[in-house]
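The chain contents come next:
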Amino acid sequence: MHIDLKKEIKESGPGKIGIIILLLMIAVALLAPVLARYDPYQQSTASLLSPSWNHWLGTNHVGQDVWSRLVFGARTSLLVGFGVGILSTLLGTIFGVSAAMLGGLYEKVVMRIVDAFIVIPMVIIVILISAYIRPSILTLILLLSLLSWQGGARIMRAQALSLKERGHVAAARSFGAHHFYIAWRHIVPDLGPILLVDFIYSVRRAVFMEAGLAFLGITDPTVVSWGMMMRDALSFSYLNVWQWWLVPTGVALSLTIIGLTFVGHAAEPVIEPRLRGAEVA
Amino acid sequence: MFSKGNIVTYVIAFLFILALNFFLPRMMPGDPLMAIYGDEALIAMTPELKAELVERFALDQPLWQQLGAYFVTLFQGELGHSYYYNAPVLPVILGRLPWTLLLVGSSLVLSTILGIVLGIESGWRRGSKTDRSMLAGLMSLNGFPDFFLGMLLLIAFGVTLGIFPLAGALTPYSGLSGLALLLDILRHLFLPVAALTLAHLAGGYLLTRNTMITVLKEPYMLTAKAKGLSQRALKYRHAGRNSMLPVVTQTGIWIGRVVTGALFVELVFAYPGVGYLTYEALLARDYPIIQGVFLMVAVSVLVINFLIDLSYPKLDPRVSYAY
Chain Z
1 MHIDLKKEIK
11 ESGPGKIGII
21 ILLLMIAVAL
31 LAPVLARYDP
41 YQQSTASLLS
51 PSWNHWLGTN
61 HVGQDVWSRL
71 VFGARTSLLV
81 GFGVGILSTL
91 LGTIFGVSAA
101 MLGGLYEKVV
111 MRIVDAFIVI
121 PMVIIVILIS
131 AYIRPSILTL
141 ILLLSLLSWQ
151 GGARIMRAQA
161 LSLKERGHVA
171 AARSFGAHHF
181 YIAWRHIVPD
191 LGPILLVDFI
201 YSVRRAVFME
211 AGLAFLGITD
221 PTVVSWGMMM
231 RDALSFSYLN
241 VWQWWLVPTG
251 VALSLTIIGL
261 TFVGHAAEPV
271 IEPRLRGAEV
281 A
Chain P
1 MFSKGNIVTY
11 VIAFLFILAL
21 NFFLPRMMPG
31 DPLMAIYGDE
41 ALIAMTPELK
51 AELVERFALD
61 QPLWQQLGAY
71 FVTLFQGELG
81 HSYYYNAPVL
91 PVILGRLPWT
101 LLLVGSSLVL
111 STILGIVLGI
121 ESGWRRGSKT
131 DRSMLAGLMS
141 LNGFPDFFLG
151 MLLLIAFGVT
161 LGIFPLAGAL
171 TPYSGLSGLA
181 LLLDILRHLF
191 LPVAALTLAH
201 LAGGYLLTRN
211 TMITVLKEPY
221 MLTAKAKGLS
231 QRALKYRHAG
241 RNSMLPVVTQ
251 TGIWIGRVVT
261 GALFVELVFA
271 YPGVGYLTYE
281 ALLARDYPII
291 QGVFLMVAVS
301 VLVINFLIDL
311 SYPKLDPRVS
321 YAY
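Chains as they are written, first to last, in our numbering: chain Z, 1 to 281; chain P, 1 to 323.
Keep in mind that the hints were calculated from the coordinates and are not lab data. Do not take every clue at face value.
[As the list claims (entries may be wrong)] Some but not every residue of chain P turned toward chain Z, in silico, with C-beta under 7 Å:
no. : residue
1   : Ala13
2   : Gln66
3   : Gly68
4   : Tyr70
5   : Met139
6   : Phe147
7   : Leu282
[Claimed, not checked] Stretches of chain P that chain Z covers, calculated by requiring three or more beta carbons in the stretch to come under 8 Å of a beta carbon on chain Z:
no. : stretch
8   : 17-27
9   : 149-158
A virtual CB, placed ideally from N, CA and C, is assigned to each residue, including glycine.
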């Protein structure tokens, strides 16, 4: 890997914008208790208020402060996103690299499962399972991770296969290094940039999915989430409340996804070096 | 040529879908009848209906006999009985299917054509200002969830401007026919299709643009240019056609995405297709309907993927050598 990921992202205009958006969202999520002015779950009789000094984005149909819910919603989105990102990238690396290293029947079985999962529409499976179990945040992270590591594993295996044939790996093997040692010391570190791209796209998918499931009303109803807020706002689309209730929530969600898309796209030449120089920005 | 390995992949995927369909309700705690039909339905059910359902799906038998009964009913085209609609699941879904096909079909055609054309134009001018703004614009659009786009369109053109209807696929009890009916359907279709098309435009665009960039570096492009072909011929006949291939392979995955996207968009516009049916079923905990929709959508997407895999070597003969 002779492509510098940091440079790749820094040199791309959208890449920089993406990083800024993401840092902003992470800051909002971390500082949620400071930024929020009310308990996001506290109901009151003051429902459907317009924005005012006390309620920056007004209140919703059960009198909860929309601004406070918005900043706490960032926590849910990012927690699910990053949770799934870490877990599915981890699973993808384990299965991808081990398939490349061990080969044989094991590789065949793993890759068959990977291919099978890639052709199955994931969203509909997640909806079906969620309809039965109404997942908590933790269950949702596990569920989405189990269903989304396959794409990464395929790329990781391909890369590991080519790395395996390099001189330094052959040298390590000639010194009697174990499969595991080679994978850990020589293959995984060189996968670095690809891991990051896979991670970013997994986060993006998970943020999308979490919002969608909450919008359908099949996630944990006791945890505030952007998708759920938009679902609530939809029932009041005939009033003018959408201006401060629906739009800021939708924009926050879209911005998060756009930030991830920009960073991911800027880092993509790592996977497909032929794209380099495509954006002279 | 088409490899045997691919068939194995699809068989595994198919078995996984059936396994989810069969085991999920039976793994839930409590009475399987309750898990399959939901507790509300169970309370309201007559003992006769209960007994009949238990018998038909062999629910009082060991698991392997249930599995046998499951396959028998499945191959009879029996997807279960919706208590909510008090009707078999299959006709209920089939009744909603035309609306979804109309919505998904039009969005798929529109977003593919637009995506490819924009991708070709953008890739041709790579690095230019037009290319960069198109790229940034479409990637941003890609970040908008389809249901949010739908809600924005609904509020802008439906609620505020009042140009388009807010919900449904037809004006109820209008007694329209012929051309007036067609126009009414199109008027209802416009916003949902626009939302779905915009939300899924970026996929085809990005893919075509990326391939376009690599194709433009191919030696045959230089040859074509040296022959003195016109810009248009270079752009569309030589570079463009070769850039479309990856889009074709992605169509299967795409159709899956547009179908599930339709679920959300139908909800926003209360468009009476399969997606809205699923949403109503989720609210009513009408599990047989959810399971039926799941089975139909998953299997259709698999079949489409399979057909595309089969046809791909014909579209790109280079692929055959790879096996």
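Verification of the supplied hints:
1. Interface hint at P:Ala13: satisfied, since its Cβ lies 4 Å from the closest Cβ of chain Z, which is below the 7 Å cut-off.
2. Checking P:Gln66 against chain Z by beta carbon gives a least distance of about 17 Å; that is not within 7 Å, so the hint is violated.
3. Interface hint status for P:Gly68: violated, as the beta-carbon distance to the closest one in chain Z is roughly 23 Å, over 7 Å.
4. Residue-level restraint check for P:Tyr70 is violated (minimum Cβ-Cβ distance to chain Z is 16 Å; threshold 7 Å).
5. The beta carbon of P:Met139 is positioned within 7 Å of a beta carbon in chain Z (closest approach about 5 Å), and the interface hint is therefore held.
6. Interface hint at P:Phe147: satisfied, since its Cβ lies 6 Å from the closest Cβ of chain Z, which is below the 7 Å cut-off.
7. Restraint check, P:Leu282 versus chain Z: the minimum CB separation of about 6 Å is within 7 Å; hint holds.
8. Closer than 8 Å: that is the beta-carbon criterion, and the stretch 17-27 of chain P has 4 residues meeting it against chain Z, so the requirement of 3 holds.
9. Counting residues of the stretch 149-158 of chain P whose beta carbon lies closer than 8 Å to any beta carbon of chain Z gives 4, which reaches the threshold of three, so the coverage claim holds.
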